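Could you build the full structure based on these sequences and the hints that come with them?
Number of protein chains: 2
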Amino acid sequence: MAEPSGSGDSISLECPGLDTAAGEEFLQEVFQILLEEGVRKSTDVTQKVCDWKEPQELRDLLDLELRSDGEGRERLLQRCRDVLRFSVRTGHPRFFNQLFSGLDHHALAGRFLTETLNTSPYTYEVAPVLVLMEEQVLAKLRELVGWSSGDGIFAPGGSMSNMLAMNVARFRRFPESRSRGNWDLPRLGLFASQESHYSILKGAALLGIGTDNVHLVRTDERGKMIPEELEKEIQRVKAEVPSTRWTPSPTSVPATGYGCMWTADSVTWNPHKLLMVGLQCSAFLLHDSSGLLQRCHGVGASYLFQRDKFYDVSLDTGDKSPQCGRRADSLKLWILWKAVGTRGLAQRVERAFSATRYLLEQVKRREGFQLVMEPEFINLCFWFIPPSLRGQENSPEFWDKLGKVAPAIKEKMIRRGSMMVGYQPQGSHVNFFRQIITNPAVTRQDLDFFLDEIQELGWDL
Amino acid sequence: MAEPSGSGDSISLECPGLDTAAGEEFLQEVFQILLEEGVRKSTDVTQKVCDWKEPQELRDLLDLELRSDGEGRERLLQRCRDVLRFSVRTGHPRFFNQLFSGLDHHALAGRFLTETLNTSPYTYEVAPVLVLMEEQVLAKLRELVGWSSGDGIFAPGGSMSNMLAMNVARFRRFPESRSRGNWDLPRLGLFASQESHYSILKGAALLGIGTDNVHLVRTDERGKMIPEELEKEIQRVKAEVPSTRWTPSPTSVPATGYGCMWTADSVTWNPHKLLMVGLQCSAFLLHDSSGLLQRCHGVGASYLFQRDKFYDVSLDTGDKSPQCGRRADSLKLWILWKAVGTRGLAQRVERAFSATRYLLEQVKRREGFQLVMEPEFINLCFWFIPPSLRGQENSPEFWDKLGKVAPAIKEKMIRRGSMMVGYQPQGSHVNFFRQIITNPAVTRQDLDFFLDEIQELGWDL
Numbered sequence: 001m002a003e004p005s006g007s008g009d010s011i012s013l014e015c016p017g018l019d020t021a022a023g024e025e026f027l028q029e030v031f032q033i034l035l036e037e038g039v040r041k042s043t044d045v046t047q048k049v050c051d052w053k054e055p056q057e058l059r060d061l062l063d064l065e066l067r068s069d070g071e072g073r074e075r076l077l078q079r080c081r082d083v084l085r086f087s088v089r090t091g092h093p094r095f096f097n098q099l100f101s102g103l104d105h106h107a108l109a110g111r112f113l114t115e116t117l118n119t120s121p122y123t124y125e126v127a128p129v130l131v132l133m134e135e136q137v138l139a140k141l142r143e144l145v146g147w148s149s150g151d152g153i154f155a156p157g158g159s160m161s162n163m164l165a166m167n168v169a170r171f172r173r174f175p176e177s178r179s180r181g182n183w184d185l186p187r188l189g190l191f192a193s194q195e196s197h198y199s200i201l202k203g204a205a206l207l208g209i210g211t212d213n214v215h216l217v218r219t220d221e222r223g224k225m226i227p228e229e230l231e232k233e234i235q236r237v238k239a240e241v242p243s244t245r246w247t248p249s250p251t252s253v254p255a256t257g258y259g260c261m262w263t264a265d266s267v268t269w270n271p272h273k274l275l276m277v278g279l280q281c282s283a284f285l286l287h288d289s290s291g292l293l294q295r296c297h298g299v300g301a302s303y304l305f306q307r308d309k310f311y312d313v314s315l316d317t318g319d320k321s322p323q324c325g326r327r328a329d330s331l332k333l334w335i336l337w338k339a340v341g342t343r344g345l346a347q348r349v350e351r352a353f354s355a356t357r358y359l360l361e362q363v364k365r366r367e368g369f370q371l372v373m374e375p376e377f378i379n380l381c382f383w384f385i386p387p388s389l390r391g392q393e394n395s396p397e398f399w400d401k402l403g404k405v406a407p408a409i410k411e412k413m414i415r416r417g418s419m420m421v422g423y424q425p426q427g428s429h430v431n432f433f434r435q436i437i438t439n440p441a442v443t444r445q446d447l448d449f450f451l452d453e454i455q456e457l458g459w460d461l
Numbered sequence: 001m002a003e004p005s006g007s008g009d010s011i012s013l014e015c016p017g018l019d020t021a022a023g024e025e026f027l028q029e030v031f032q033i034l035l036e037e038g039v040r041k042s043t044d045v046t047q048k049v050c051d052w053k054e055p056q057e058l059r060d061l062l063d064l065e066l067r068s069d070g071e072g073r074e075r076l077l078q079r080c081r082d083v084l085r086f087s088v089r090t091g092h093p094r095f096f097n098q099l100f101s102g103l104d105h106h107a108l109a110g111r112f113l114t115e116t117l118n119t120s121p122y123t124y125e126v127a128p129v130l131v132l133m134e135e136q137v138l139a140k141l142r143e144l145v146g147w148s149s150g151d152g153i154f155a156p157g158g159s160m161s162n163m164l165a166m167n168v169a170r171f172r173r174f175p176e177s178r179s180r181g182n183w184d185l186p187r188l189g190l191f192a193s194q195e196s197h198y199s200i201l202k203g204a205a206l207l208g209i210g211t212d213n214v215h216l217v218r219t220d221e222r223g224k225m226i227p228e229e230l231e232k233e234i235q236r237v238k239a240e241v242p243s244t245r246w247t248p249s250p251t252s253v254p255a256t257g258y259g260c261m262w263t264a265d266s267v268t269w270n271p272h273k274l275l276m277v278g279l280q281c282s283a284f285l286l287h288d289s290s291g292l293l294q295r296c297h298g299v300g301a302s303y304l305f306q307r308d309k310f311y312d313v314s315l316d317t318g319d320k321s322p323q324c325g326r327r328a329d330s331l332k333l334w335i336l337w338k339a340v341g342t343r344g345l346a347q348r349v350e351r352a353f354s355a356t357r358y359l360l361e362q363v364k365r366r367e368g369f370q371l372v373m374e375p376e377f378i379n380l381c382f383w384f385i386p387p388s389l390r391g392q393e394n395s396p397e398f399w400d401k402l403g404k405v406a407p408a409i410k411e412k413m414i415r416r417g418s419m420m421v422g423y424q425p426q427g428s429h430v431n432f433f434r435q436i437i438t439n440p441a442v443t444r445q446d447l448d449f450f451l452d453e454i455q456e457l458g459w460d461l
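Heads up: the protein sequence lines correspond to chains L and Z, in order. Our numbering puts the first residue of the first sequence at 1, with every later residue one more than the last. Our numbering puts the first residue of the second sequence at 1, with every later residue one more than the last.
Keep in mind that the hints are not guaranteed to be accurate.
Said to hold, decoys possible - For lysine-lysine, the following BS3-like pairs were computed, each having C-alpha atoms within a straight-line distance of at most 25 Å:
| no. | chain 1 | residue 1 | chain 2 | residue 2 |
| --- | --- | --- | --- | --- |
| 1 | L | Lys404 | Z | Lys309 |
| 2 | Z | Lys309 | L | Lys309 |
| 3 | L | Lys309 | Z | Lys224 |
| 4 | Z | Lys238 | Z | Lys224 |
To be verified - Selected chain L positions facing chain Z (in silico; Cβ < 7 Å):
| no. | residue |
| --- | --- |
| 5 | Phe31 |
| 6 | Asp69 |
| 7 | Ala205 |
| 8 | Leu207 |
| 9 | Arg295 |
| 10 | Lys338 |
| 11 | Thr443 |
By construction, these hints were calculated from the structure, which means they are not laboratory data. Keep in mind it's a predicted model, so treat the numbers as computed, not measured. Glycine included, every Cβ here is placed at the ideal spot set by N, Cα and C.
Here's what the structure looks like:
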């Protein structure tokens, strides 16, 4: 057998090569640091949201280099404190920058449990609890979608879930694609809303479909796909590329963890967003219960999915996924659900709507704030017009100048550490703020602060 | 704007919708349960590896159903205990069933930190520490591979890393594949070892290449691809399918976290295996430093990767991945590396070799144990031949009967909870045990127990 580069047999196997007592002590200390510097400060509105450092300054502060020798306990504990100190507090009530904002203690406990278990829910034998839990959580999510039967799997993020949907759609219409590739199929076309998530383009590239074959369909002023435009686009593509086929199903509907659903063959549901269970938790739900998912992705690796096991091997669900080892993302959602019930989850969704409604009123009422469009869901998109630009809406440079305002305000808020929110341009709209409140810890006071702060930071621009 | 199904404005925004004090108390209690029932018992050799329950029995015990109302603290804490109790102890010194066996306390602390931070290393603004850490860890892994420059990204598991390698290889040779799909390319062929991981087949299906276009090349008796066979297979495919193109690069070499490397354009390295950092940690490393990865996967979503940010946006590395939100998998490896140093990691690898060597000697020495092949790395594959089958090696039913032995022993060990190890058939070889020791907590005594236990459980078969 091959020899490693080092000494080999000089290593004694008589004693364990890990010091569990010291390890447990270390974990205890790290946990107290986590609780104080991580959890408590992350949720404390009087703390800063971030402590901005330039990249080189931060590199120097963190001393990231990995060396030959290990470090002592005190040094390591200080490193843990530094990591927390210089990271952005995504659980803070004034962190609005991402859809995964907020910190739920039950879900975090579920994540700690998951990390401690350290197993993959691909077979019942190594993850009996987690396989059954995933089965239950998926069934419950499907039930909320309105399906009494079906299938599904957790995927590493919503983009991957969307790609699974695209792959299953191709396979359902052209089962031979799996073995023969795309070459024997007609050129496929993928029709999506022009406001669809960028994972559709990424998926088209990865799946060998090609981004040119993604046809983006016009939306109305509220961002919804116009059905007549879809019909027109299909006819246009059919005429231009006669060999293109399109299949309307399984259509995938990206949802954000919410109760209003559409008619679809599959749904991507990301409880790591609105339901705040922590990165990552994305369920790919399928209405089909004929085993499509398994037929599409399954390969039956003989070292994992042995058919001669002594238990019901239909519980070895891992082959439904293109992944092999896979994180158990259902546990954190399950424990949160047990803690607050469906009712408690619904209240959070309702609170998110209330917060959006409140902010909408304020934006409409305050001078200098202008809506990009009436919110359709809980996305509130608006511009802040500094006094220097007010009344110049018809001047030729207005929009160009306004497009520079959001980035400038954003820089100021990050340097101050007072809050974080996203901005973006879209289509003909120059940079605007995009506020989505998912964290139930956010109060009216935080929302007032949010608008006051934008006003203050943008006043002199 | 749309209304949620519930009451809406009845929800008051005056107070936070989360009770942080109760949440912190809950976390404290869960942590103590984790430490005792999870960490300590998981690493204690006197405990059982698993407490087997039939699926229906386990469903009843766990009461998995998700209901309208939430549950009280005591009930939830009991649920956490139950989850730990009925899960398999993958950190146990006698859990050999998977390559992610073992529990390292430093890495676990890193996982807890990661979960507390709950952010995605796609942009510097929301993950400054984690972006720089990923940069450092990837550079260090590349350095061990032998590359002074290059690129890379963490992916959700080795299978996904392998798929990234396949996609980048296609894109490098045929950049137009990204926009045009596979239709305008010649039929691609993918040549891989017949012992290659099943993710190659899964990837070929997902990427629209097709499993029929994967050509498995014969290996020698040690499981290594035979170069002449590769050449022959290429010639055969070229002759049969004249339009097939093959590109030898970027070749991807799946590694298990170990120092002996090959000439390759890309490497998949899974520190969640031999380096024991916890699921998931898979680095896709690329020798190219021309920005191939970004060009292959990047889409430039305007709500994340704004070009008008005030800092160096080359640090917004998320667009190199087909994922959007992505877990920060580098931190757990970084903290472990800081704790034990490169030297400490190397010692673990050496210990794994020592353990394999010891077990190899024992298997050769013990009656009734028979090697499948000399181990090439740290995979030790062997049969146990029960006394009833000994001396019948030439009888027509011998192999058929032997193939039933490993599953029978496996069932007994799981029901007893004494240990867990994988078995599998491969090619013409009937079911054999596949032992891979990665956990440095494993002692000589555990290895002796391992063989004794197989012998005892298989004696009467």
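Each hint, compared with the structure:
Between Lys404/L and Lys309/Z the CA atoms are separated by roughly 10 Å; this keeps the pair inside 25 Å, and the hint holds. For the proposed pair Lys309/Z and Lys309/L, the alpha carbon gap of about 55 Å is over 25 Å, so the pair is violated. Distance restraint check for Lys309/L and Lys224/Z: the Cα-Cα separation of roughly 29 Å exceeds the 25 Å cut-off, and the hinted pair is therefore not satisfied. Simply put, Lys238/Z and Lys224/Z have alpha-carbon atoms about 23 Å apart, close enough for the 25 Å limit, and the pair holds.
A distance limit of 7 Å between C-beta atoms decides the matter here; for Phe31/L the minimum to chain Z is near 5 Å, and the interface restraint holds. Checking Asp69/L against chain Z: minimum C-beta separation of about 4 Å stays under 7 Å; hint holds. Below 7 Å, beta-carbon pairs count as interface contacts, and Ala205/L has one with chain Z at about 5 Å; its hint therefore holds. The closest approach between the C-beta of Leu207/L and any C-beta of chain Z is roughly 5 Å, which is under the 7 Å cut-off, so the hint is satisfied.
Here the hint on Arg295/L is broken, as its CB sits about 11 Å from the closest CB of chain Z, past 7 Å. Hint status for Lys338/L: holds, given a least beta-carbon distance of 5 Å to chain Z, under 7 Å. Taken as an interface hint, Thr443/L checks out: its beta carbon lies about 6 Å from the nearest beta carbon of chain Z, inside 7 Å.
Comparing the model with each numbered hint stated earlier shows that hints 2, 3 and 9 do not hold.
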